[in-house]
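Please construct the entire structure, taking both the sequences and the accompanying hints into account.
One line per chain: the protein sequences are A and B, in this order. Under our numbering, think of the first position of the first sequence as 936, with each following residue one higher. Under our numbering, think of the first position of the second sequence as 3, with each following residue one higher.
Hints listed in this document are in silico derivations from the structure and should not be mistaken for laboratory results. Among these hints, one or two may not hold up.
Stated by the list, open to error - Label pairs and their in silico Cβ distance ranges:
(1) B/Asp59 to A/Val991: 24 to 34 angstroms
(2) B/Arg463 to A/Glu1334: 52 to 62 angstroms
(3) A/Asp1327 to B/Lys376: 29 to 39 angstroms
Stated by the list, open to error - Below, in silico cross-link-like pairs of lysine-lysine (DSS-like), each with a Cα-Cα straight-line distance of 27 angstroms or less:
(4) A/Lys1194 to A/Lys1269
(5) B/Lys491 to B/Lys335
(6) B/Lys299 to B/Lys115
(7) A/Lys1269 to A/Lys1178
(8) B/Lys266 to A/Lys1281
(9) B/Lys416 to B/Lys369
(10) A/Lys1289 to B/Lys376
(11) B/Lys282 to B/Lys231
(12) B/Lys500 to B/Lys284
(13) B/Lys376 to A/Lys1281
(14) A/Lys1120 to A/Lys1269
(15) B/Lys491 to B/Lys478
(16) B/Lys257 to A/Lys1160
(17) B/Lys266 to A/Lys1122
(18) B/Lys299 to B/Lys284
(19) B/Lys493 to B/Lys282
(20) B/Lys148 to B/Lys231
(21) A/Lys1120 to B/Lys266
(22) B/Lys491 to B/Lys257
(23) B/Lys149 to B/Lys257
(24) B/Lys115 to A/Lys980
(25) A/Lys1178 to B/Lys416
(26) B/Lys416 to B/Lys387
(27) A/Lys1269 to A/Lys1292
Model, not experiment: these values are computed from the prediction. Cβ coordinates follow ideal geometry from the N, Cα and C atoms, glycine included.
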Amino acid sequence: MRSGEMLRCCGVAVLISGVQCLADNQPTANSFDVVALVDSLDFAKDYDIETATGTVQTLEHVLLTHANDIWWRDKGGGRMRYPSECEMWQFSEAPFDKKRLPSEDIYGYLRLESHRGNEFPVVREECRKRGLDFGIHTTVEENHWYSPLSSNWTLAHPEYWGCTREGDPWMGACSIMYPEVIEHKLKMVDERLALKPQKVMLDFWRNGAWSYAREYSAPALEEWKRLYGDEPVPEATDPRWQKMVGAHFDDYLRRFSAKCRAAGVEFIGGFVGIDDKDDASLRNRYRGFSWRHLAKEGVFDAVYVMSVTYDPADPFGSTERIYRNVMANCGKAKVYFPLASYNFEKCGIREYAKLTKLSEAEVTKRLMRMARDVGARGVVLECVDYGNYRPDICAAIAESLK
Amino acid sequence: MDKSLLLKCVAGMGLVSLSVAFVGCAQSPCGERAVVKGFNPVFSPDGKKVAFQRMEDDVFKLGVTGVNCGNVNWIEEGPGNAAYPEWTPSGGLVYMAGHDTETAYEAWRNGSKNGYGLRLWENGEKRNLTSGRCRDFTPSVSADGKKVYFVTTRGITSESTVYSKAASTRIAELELSAPGEPRILMDSPNGNNSGFVQPAISPDGTTLVWGHLENFFDKWRIFGTRIGKFDRLEWCPVSPCGLSALSPRWHPNGKFICFSGFRKGDPGWGVWVEEIATGKVKRLATGENPCFSPDGKTLAYDRDGTVYVRPFGPADLPDEIMPEVRDDAEPEKVLWTAENVTKETSFNTNGTQFAFGNDRTIFTRVKVKLDGSKELRQLLIGDYKEHEYAFQTFASYAVWFSTRDTAGRYLDVKLDCYNGAREYTFTAIRTPGKILLSVDGSLPIVSVPRAKVISLGSIRRFVVGRGLKPGESVVKAEVGTGWPNDVPKFKRREDLFK
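What follows is the structure, encoded as structure tokens:
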């Protein structure tokens, strides 16, 4: 059976057998989730991740952190890690699409998008056997700032590329203002759901250089004219422009959410740089929509705060204020907070340790306790690579879970 | 090519005998006629056949069929993949082929030699022209049949992160009659987010054109140079700057090229033709990967996974000149200078001459003595009301020139040229669409920013020498407009084809 047929069948099965899927997909009732974000690509030199053995080895290494919930990356940029028919996976291997440059390092030779390299059946089954929740970590980006990871579909459809205000199109990302682009993205949601995860986390941080400044596509200009007549199209910093574009992300996210709900899958939004202010100032990073409003509305079943903009003079105090503010503004959505080994956005364990002079193990315990105290569903390890969560940190996680 | 449609077509063809997998031969009003399911077509030397590739059963196959429809003679149909066919004058085919059975990890551990090399099919026999753990692809055979030009990743050994500055691709040549080690002619200029694809040698053998990606935020563009002049200084853009363009092929008269192109507003990738002497262009059809027939009277290309042919006649001759942005025309004019600064010094200033907007070319030039250490030194800062770091040149383990976009976000260009204690001259250029950095008069590194650069209106001060250590100094700092005299200009199409 061809991959596409298989995926379609799986998609139909998801829709028809909703009850059964709900039963299969019920997340484990952990008292507190410790989620591992796993990008298997980062293990490419440690294990043979194109094989089932290597995938199990990767998972086992990840579980040294005591994670009880696994969110596995489904793509790097626009290059998929399963045989995606929507993304024409056969063209992902360099150099079969001339518009995508090859990469000569080991990552450039991986064929995780092929049937042979597809990790997801293995990961799902291993998680089931071990009583772990299995989720998919996907991203809004179409390129990961790197030509070899460009989306095949995006490269094939220049007519949907986003443009600058000066009218310059760019092959890195399509404009959300085209209905065809949203339909394509929703087809990819179907593909993800056919992989039978219990959760899907859509990561807005890995945005592949998207910005409002590249949304001046033809339908955007038409909509602006409809809304504002002959008023010149504004700069991308104009709140009206951002609101107009953001409404299309709202549409996409609501439909994404509805598909997840129909399949009994939790839909989670991941956001960085959260502070305790209103999120209007963050529109530029989050594609215009108000994640708090969408959480309250129930579009997101859960929100993953990927980093917070805390006060370095009072790291824990200000972090807790932000956490409580988030909890108070997310409606019924569950919330995850970060426990990051890397220092992305200066929000890693290391940075807190540096500011507070505490050990990293102690910081780990404090952050986990804080997340638990404010009522979060859990913490997320962003991201688990080979050995990046040291044994003392892993031990602190285990102790905190007791 | 709409690959999703291609995949559907291919899926639908699974039930059909491959040898009769033709499409109808009905003509459209413009004379367009479908030939065969496939893509990347090329005419045979006698013009009666086309070689093409097809993706079927998850394998890229390579076949030959008659231009007027006929059976497909499969040259390669697996195992492994084959792509990018190119005819030799004697009726052979050069193409990319390979069958990599290892995982990436196995290959990496084992030091594998499996990759995609060039293969020659001639008189029913096949032999590998190149091999190795690399990709040799998009060959172009010279009209005399002696040489093959192609894109390769050979010799690129980067094992670092995706942010590596190693080149992504190179252009190489190989003697077809006596293949040995390919000779590398050109490296992609800007690290692994820049690169080449599909070189094409002119019929007279004097000129090479290719698809060129300068930078992650740039668009594909056709570049060219004369054979033998492979230094970056000699390359020049051939296709207009307003087009995305790649996959060039020559008209047999050497006066035209055709290529895959896209301009904002087009319904998709298109078949474009350019008269290279004048730069005039024309879009002829929706499709990709065009090539001319040997008599120059027919074009073949692909669309939605089908190969089409159509006549190329007088009505198809290019007639549009697309505007070119020229950012190096204005001569250097120094507006501000500071000399012999040994510690951080602020030069409060004002004046409308520093209100540069974002629609003209400006430059900064900093002549410095540095001790080779890696601490941050902000050598020259332009502090404006619009942004306190409106532009700056700074050094630590490398050297950067940075500016901001209209939303105040950081943009930069980096040069890995800082290699010890000595005197350097860093000259940075900010044009409306690019930022560039040169050291000691070198050809500059070019960065195409992700957004429009910030408009500079109200100067507050220039800051020179922040972070300088004892013994270091800014010998001279300058700010001005126009293209600086010490930085070479890139060549233009007119220089190549005058």
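So, going through the hints one by one against the coordinates:
At about 29 angstroms, the CB distance of B/Asp59 to A/Val991 agrees with the hint of 24 to 34 angstroms. Take B/Arg463 and A/Glu1334: their Cβ atoms lie about 54 angstroms apart, and the range 52 to 62 angstroms holds. Checked against the hint of 29 to 39 angstroms, the C-beta distance between A/Asp1327 and B/Lys376 comes to roughly 31 angstroms, which is consistent with it. Annotation: proposed proximity of A/Lys1194 to A/Lys1269 holds, straight-line Cα distance about 19 angstroms (limit 27 angstroms).
The straight-line distance between the Cα atoms of B/Lys491 and B/Lys335 is roughly 16 angstroms, inside the 27 angstroms bound, and the hint therefore holds. Restraint check for B/Lys299 and B/Lys115: not satisfied, since their Cα atoms lie roughly 43 angstroms apart, outside the 27 angstroms limit. Of the supplied pair hints, the one linking A/Lys1269 and A/Lys1178 holds, its CA atoms being roughly 26 angstroms apart against a limit of 27 angstroms. Proposed proximity of B/Lys266 and A/Lys1281 is contradicted: the alpha carbons are some 39 angstroms apart, above 27 angstroms.
For the proposed pair B/Lys416 and B/Lys369, the alpha carbon gap of about 17 angstroms is at most 27 angstroms, so the pair holds. For the proposed pair A/Lys1289 and B/Lys376, the alpha carbon gap of about 23 angstroms is at most 27 angstroms, so the pair holds. Simply put, B/Lys282 and B/Lys231 have alpha-carbon atoms about 25 angstroms apart, close enough for the 27 angstroms limit, and the pair holds. As the CA atoms of B/Lys500 and B/Lys284 are separated by approximately 21 angstroms, the hinted pair is consistent with the 27 angstroms bound.
At most 27 angstroms may separate the alpha-carbon atoms for a hinted pair to count; B/Lys376 and A/Lys1281 meet this at roughly 22 angstroms. At roughly 25 angstroms between alpha-carbon atoms, A/Lys1120 and A/Lys1269 fall within 27 angstroms of each other, so this suggested pair holds. With a C-alpha separation of about 23 angstroms, the suggested pairing of B/Lys491 with B/Lys478 holds against the 27 angstroms cut-off. The suggested pairing of B/Lys257 with A/Lys1160 is violated, with an alpha-carbon distance near 44 angstroms, which exceeds 27 angstroms.
Distance restraint check for B/Lys266 and A/Lys1122: the Cα-Cα separation of roughly 26 angstroms lies within the 27 angstroms cut-off, and the hinted pair is therefore satisfied. Distance hint between B/Lys299 and B/Lys284 is fulfilled; the C-alpha atoms sit about 16 angstroms from each other, no more than 27 angstroms. Proximity of B/Lys493 to B/Lys282 is assessed by CA-CA distance (about 18 angstroms); at most 27 angstroms being required, the pair is judged to hold. Distance check on the hinted pair: B/Lys148 and B/Lys231 sit about 19 angstroms apart at the alpha-carbon level, within 27 angstroms; holds.
Pair hint A/Lys1120 plus B/Lys266 holds up; C-alpha atoms about 22 angstroms apart against a cutoff of 27 angstroms. Restraint check for B/Lys491 and B/Lys257: the C-alpha separation of about 26 angstroms stays at or below 27 angstroms, so the hint holds. Among the hinted pairs, B/Lys149 with B/Lys257 is consistent with the structure: their alpha-carbon atoms are about 21 angstroms apart, no more than 27 angstroms. At roughly 18 angstroms between alpha-carbon atoms, B/Lys115 and A/Lys980 fall within 27 angstroms of each other, so this suggested pair holds.
With a C-alpha separation of about 35 angstroms, the suggested pairing of A/Lys1178 with B/Lys416 is violated against the 27 angstroms cut-off. For the given pair, B/Lys416 sits about 25 angstroms from B/Lys387 by alpha-carbon distance, which is consistent with the 27 angstroms threshold. Between A/Lys1269 and A/Lys1292, the direct Cα distance comes to roughly 31 angstroms. Violation of the 27 angstroms bound is thereby established for this hinted pair.
The structure does not agree with the numbered hints 6, 8, 16, 25, 27 stated previously, though it agrees with the rest.
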